[in-house]
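*Asks:* Please work from the sequences and hints to get the whole structure.
Spelled out from the first residue to the last, the chains are:
Protein chains: 2
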Amino acid sequence: MSIRIGIYGYGNLGRGVEAAIAQNPDMELVTVFTRRDPAGLILHTPGVTATAADKAADMADSIDVMIICGGSATDLPVQTPALAKQFNVVDSFDTHAKIPQHFEAVDAAAKEGGKVAMISVGWDPGMFSLNRLLGEAILPQGTAYTFWGKGVSQGHSDAIRRVEGVADGKQYTIPVEAALQAVRNGEDPQLTTRQKHLRECFVVPCEGADLARIEKEIKEMPNYFADYDTVVHFITAEELKRDHSGIPHGGFVIRSGKTGWEQENRHIMEFSLKLDSNPEFTSSVLVAYARAAYRMQQEGACGCKTVFDVPPAYLSPKSAQELRRTLL
Amino acid sequence: MSIRIGIYGYGNLGRGVEAAIAQNPDMELVTVFTRRDPAGLILHTPGVTATAADKAADMADSIDVMIICGGSATDLPVQTPALAKQFNVVDSFDTHAKIPQHFEAVDAAAKEGGKVAMISVGWDPGMFSLNRLLGEAILPQGTAYTFWGKGVSQGHSDAIRRVEGVADGKQYTIPVEAALQAVRNGEDPQLTTRQKHLRECFVVPCEGADLARIEKEIKEMPNYFADYDTVVHFITAEELKRDHSGIPHGGFVIRSGKTGWEQENRHIMEFSLKLDSNPEFTSSVLVAYARAAYRMQQEGACGCKTVFDVPPAYLSPKSAQELRRTLL
Numbered sequence: 021m022s023i024r025i026g027i028y029g030y031g032n033l034g035r036g037v038e039a040a041i042a043q044n045p046d047m048e049l050v051t052v053f054t055r056r057d058p059a060g061l062i063l064h065t066p067g068v069t070a071t072a073a074d075k076a077a078d079m080a081d082s083i084d085v086m087i088i089c090g091g092s093a094t095d096l097p098v099q100t101p102a103l104a105k106q107f108n109v110v111d112s113f114d115t116h117a118k119i120p121q122h123f124e125a126v127d128a129a130a131k132e133g134g135k136v137a138m139i140s141v142g143w144d145p146g147m148f149s150l151n152r153l154l155g156e157a158i159l160p161q162g163t164a165y166t167f168w169g170k171g172v173s174q175g176h177s178d179a180i181r182r183v184e185g186v187a188d189g190k191q192y193t194i195p196v197e198a199a200l201q202a203v204r205n206g207e208d209p210q211l212t213t214r215q216k217h218l219r220e221c222f223v224v225p226c227e228g229a230d231l232a233r234i235e236k237e238i239k240e241m242p243n244y245f246a247d248y249d250t251v252v253h254f255i256t257a258e259e260l261k262r263d264h265s266g267i268p269h270g271g272f273v274i275r276s277g278k279t280g281w282e283q284e285n286r287h288i289m290e291f292s293l294k295l296d297s298n299p300e301f302t303s304s305v306l307v308a309y310a311r312a313a314y315r316m317q318q319e320g321a322c323g324c325k326t327v328f329d330v331p332p333a334y335l336s337p338k339s340a341q342e343l344r345r346t347l348l
Numbered sequence: 021m022s023i024r025i026g027i028y029g030y031g032n033l034g035r036g037v038e039a040a041i042a043q044n045p046d047m048e049l050v051t052v053f054t055r056r057d058p059a060g061l062i063l064h065t066p067g068v069t070a071t072a073a074d075k076a077a078d079m080a081d082s083i084d085v086m087i088i089c090g091g092s093a094t095d096l097p098v099q100t101p102a103l104a105k106q107f108n109v110v111d112s113f114d115t116h117a118k119i120p121q122h123f124e125a126v127d128a129a130a131k132e133g134g135k136v137a138m139i140s141v142g143w144d145p146g147m148f149s150l151n152r153l154l155g156e157a158i159l160p161q162g163t164a165y166t167f168w169g170k171g172v173s174q175g176h177s178d179a180i181r182r183v184e185g186v187a188d189g190k191q192y193t194i195p196v197e198a199a200l201q202a203v204r205n206g207e208d209p210q211l212t213t214r215q216k217h218l219r220e221c222f223v224v225p226c227e228g229a230d231l232a233r234i235e236k237e238i239k240e241m242p243n244y245f246a247d248y249d250t251v252v253h254f255i256t257a258e259e260l261k262r263d264h265s266g267i268p269h270g271g272f273v274i275r276s277g278k279t280g281w282e283q284e285n286r287h288i289m290e291f292s293l294k295l296d297s298n299p300e301f302t303s304s305v306l307v308a309y310a311r312a313a314y315r316m317q318q319e320g321a322c323g324c325k326t327v328f329d330v331p332p333a334y335l336s337p338k339s340a341q342e343l344r345r346t347l348l
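Residue numbers (my numbering), protein chains in the order written: chain A, 21 to 348; chain B, 21 to 348.
Just so you know, these hints were derived from the structure itself, not from any lab. Since we're looking at a predicted model, the values are computed, not measured. We treat Cβ as the ideally placed atom computed from N, Cα and C, and that holds for glycine. Among these hints, one or two may not hold up.
What the hints assert, rightly or not - Simulated crosslink set (DSS-like; lysine-lysine; CA at most 30 Å straight-line):
(1) Lys338(B) / Lys105(A)
(2) Lys261(B) / Lys278(A)
(3) Lys261(A) / Lys278(B)
(4) Lys118(A) / Lys239(A)
(5) Lys239(B) / Lys261(B)
(6) Lys261(B) / Lys170(B)
(7) Lys338(A) / Lys105(B)
(8) Lys338(A) / Lys216(B)
(9) Lys170(B) / Lys170(A)
(10) Lys170(A) / Lys261(B)
Claimed, not checked - So the derived list for chain B, only partly shown, Cβ under 7 Å to chain A, looks like this:
(11) Ala39
(12) Ser140
(13) Pro145
(14) Leu153
(15) Gln161
(16) Trp168
(17) Lys170
(18) Ala246
(19) Phe291
(20) Lys294
(21) Ser304
(22) Ser336
(23) Ser339
*Replies:* Below is the structure:
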């Protein structure tokens, strides 16, 4: 019997989850919940139609896991606790500083409903968090590094577009190669913000805009760019569309640690991702953890969980025996 | 209260575990069990003495987890099931093909004793297995690659030393850089044994030995070298000692997968290790999983487990709350 999935929200992430479900024969999509008019939403999956978001409660018996695909700023803090009372849920809440309070709210709701709610699933938080934990647990005497990119930062792209005279723009976060190498060489460097990442901006100016002023304003923008080496390229709308339409991302989690009575042996653990599509990869992680959420709840678990709480075997459709035989 | 650890066997691995315990303030070493005369075994840890292996049963109440540091060929198939009846145990059983039968034997013993037995812990099997599982579960439409090295292969070094006229020698397994790059570029290459790894041998010949014959015999040795491009260097005993005394190892697990309705987006997940000391890193993994074994048994689990069954949070001394706040 398939695991019956509902998708709540149909932006980039929701569409990615829909495509990911099609890659997993043990899952089926029941419906997509939308706040728009469901009649106007044509899904990609044959035979499946959208449902009005306010009808979700009526479908509690026909959905095993709800994958919530809203945004972290305003959607998930409301949606995840609300839905966790009735559904096993998975979300990708990624405001790191607010994870503890999100956890508390979701945990109370999920326990009330006897459901499993898996929060902050994706790659960071998610796969990167898992690797930070493994590195620290295995090499307690060591240093941890996380680098992001090369990839598109939505927040920084938005910041560029708010500058006066900017018609459109995209920002890439790029790890500094020399810093990566120093870490991999076991030099345990202490790196400033500027030494870790570059910011490269592709900006489409409005007609007649003052390019020098735009460049200066971007480079001096506090929080977003002032602490980084920032490169600004002015391009046309056509070039932006042609060369920068993708949403690639990725990054590196590196643990550099020492063992031995004299700390004489150095070990480097490195996990990296190179993703053509940030939302589609995140979606693929969400779907694997939906499988885990369903199984854990079937076995009697309830409450809020994170990637730290999930036995890896629950992510795979293979049996424990098959996993040991083929992957161990 | 500390987790009380016993070490069973005091070779490279056992000594590595002893050093690793000293890096983990929530653990303490109770004793090392040895088949040699315990009076002759001086441990590194102040105040701790060795115990005869046949006295282990008497100490069941003073040890929370026994870390078994024997070899996979003949020690662990006997020791792990025997000890799992009385102790929570962790071993590094690494004969991949025999894992299912080892699992069955250990599972029966651990269930008889109400203990948790964690087998095949280390980096391969272990961390590499975990990453193979994650890659397959997250990117089901993809290809998996494992490369080993650069590192010393004990089995291949032993094979060299069995060649007539060889006084001593060491063999390094080296991943082929072009193959690694093709995988990272998303080319999904089909790689032969020869295309994946090189074998580099450093050989100390006996006086007057026929070097050409030795080289030919090594390069044509079935299973070990015949299927590989093999390089043989003749060096002196002094050079071997000076330049090749370490036991480095490492490798790469790479998942290359595609998402999207048209498989239009490529993603690369890569996990790699670069280890100065293979046994010390393995020991560090064993110790982290000893913590997990203890906790899982405290919470009522029993039977045989592998890295696939362990919620990552159990590996860390931090509380779940602290993990979410600092690492998620």
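*Asks:* All hints are to be evaluated individually against the structure, with a verdict given for each.
*Replies:* These are the hints, each one checked on the structure:
no. : hint                  : verdict
1   : Lys338(B) / Lys105(A) : holds, 29 Å
2   : Lys261(B) / Lys278(A) : holds, 23 Å
3   : Lys261(A) / Lys278(B) : holds, 23 Å
4   : Lys118(A) / Lys239(A) : holds, 28 Å
5   : Lys239(B) / Lys261(B) : holds, 23 Å
6   : Lys261(B) / Lys170(B) : holds, 18 Å
7   : Lys338(A) / Lys105(B) : holds, 29 Å
8   : Lys338(A) / Lys216(B) : holds, 27 Å
9   : Lys170(B) / Lys170(A) : holds, 27 Å
10  : Lys170(A) / Lys261(B) : violated, 43 Å
11  : Ala39                 : holds, 5 Å
12  : Ser140                : holds, 6 Å
13  : Pro145                : holds, 5 Å
14  : Leu153                : holds, 5 Å
15  : Gln161                : holds, 5 Å
16  : Trp168                : violated, 15 Å
17  : Lys170                : violated, 13 Å
18  : Ala246                : violated, 27 Å
19  : Phe291                : holds, 5 Å
20  : Lys294                : holds, 4 Å
21  : Ser304                : holds, 5 Å
22  : Ser336                : holds, 4 Å
23  : Ser339                : violated, 11 Å
Taken one by one, the earlier hints fail for this structure at numbers 10, 16, 17, 18, 23, listed in ascending order.
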